[in-house]
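Visitor: Spelled out from the first residue to the last, the chains are:
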Amino acid sequence: KQEVTQIPAALSVPEGENLVLNCSFTDSAIYNLQWFRQDPGKGLTSLLLIQSSQREQTSGRLNASLDKSSGRSTLYIAASQPGDSATYLCAVRHSNTGNQFYFGTGTSLTVIP
Amino acid sequence: ETGVTQSPTHLIKTRGQQVTLRCSSQSGHNTVSWYQQALGQGPQFIFQYYREEENGRGNFPPRFSGLQFPNYSSELNVNALELDDSALYLCASSLGQGRSYEQYFGPGTRLTVT
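Protein chains in written order, with the working numbering: chain E, 1 to 113; chain G, 1 to 114.
It should be emphasised that the hints constitute simulated quantities derived from the structure, not laboratory data.
Cβ atoms here follow ideal geometry from the backbone N, Cα and C, with glycine treated the same way.
Treat the hints loosely; a few may be bogus.
Taking CB as the label site, the calculated pair distances span [what the hints assert, rightly or not]:
1) Ser52(E) to Gly28(G): 21 to 29 Å
2) Phe60(G) to Glu3(E): 17 to 25 Å
3) Ser59(E) to Leu95(G): 18 to 26 Å
4) Asn79(G) to Arg55(E): 45 to 53 Å
5) Thr14(G) to Gln51(E): 39 to 47 Å
6) Arg63(G) to Ala79(E): 46 to 54 Å
7) Gly16(G) to Gly16(E): 47 to 55 Å
Examples of chain E residues toward chain G, derived with CB under 10 Å [what the hints assert, rightly or not]:
8) Lys42
9) Leu44
10) Leu89
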């Protein structure tokens with residue numbers, strides 16, 4: 001069964017700092033990996049989608065990398081802003097067992113002005 | 001283009017009751033997936049509907065059931081509610097049922113069971 005882990009569970013940084021969020025998964029036979037943002041009590045906003053054949057994706061201040069063989073992904077946020085405060089979730093889709101996402105428990109980020 | 005919408009936004013029910021949650025998929029999307037997110041946890045896959053047929057199910061009991069309509073909107077029904085059913089219920093729509101299709105999530109319905 002695919003297990004997705006996110007470390008750290010919570011992170012607090014001063015505004016302007018660069019930061020890295022980590023995601024690991026136990027089964028490397030993934031089809032793709034997606035990073036989401038979730039504001040308190042709200043739905044999920046897609047940030048970046050990486051196919052299994054890709055190594056990284058970039059969107060603005062966000063950069064996500066994927067190392068499928070080691071079962072790891074990182075989300076890099078440059079020049080953090082208070083508006084980046086949210087929970088960040090990573091999710092993987094497995095190659096062999098259907099279309100569902102397997103989610104991690106998320107990293108709660110607070111950017112202090 | 002209208003995004004994924006869900007109703008109601010909040011709901012309070014008593015243990016043993018039944019509940020129906022609704023989801024309207026994004027325009028042109030024929031696939032809807034439902035997830036349950038308990039407080040402090042990541043979402044857990046309940047099931048997926050593709051063209052009105054169930055197309056995959058997670059580890060949830062039969063009292064969780066669903067429907068998809070010809071316009072691709074969907075319902076999640078939960079019978080015999082238990083306290084542990086309290087959660088945020090998310091639906092996500094996509095252009096197709098394959099893994100390459102990106103899923104777009106709605107704002108969720110917060111269900112509280114007392």
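Visitor: Against each hint, give a clear statement of whether it holds in the structure.
Guide: Hint by hint, here is what the structure shows:
no., hint, in the structure
1, Ser52(E) to Gly28(G): 21 to 29 Å, "26 Å, holds"
2, Phe60(G) to Glu3(E): 17 to 25 Å, "18 Å, holds"
3, Ser59(E) to Leu95(G): 18 to 26 Å, "20 Å, holds"
4, Asn79(G) to Arg55(E): 45 to 53 Å, "46 Å, holds"
5, Thr14(G) to Gln51(E): 39 to 47 Å, "45 Å, holds"
6, Arg63(G) to Ala79(E): 46 to 54 Å, "48 Å, holds"
7, Gly16(G) to Gly16(E): 47 to 55 Å, "52 Å, holds"
8, Lys42, "6 Å, holds"
9, Leu44, "4 Å, holds"
10, Leu89, "6 Å, holds"
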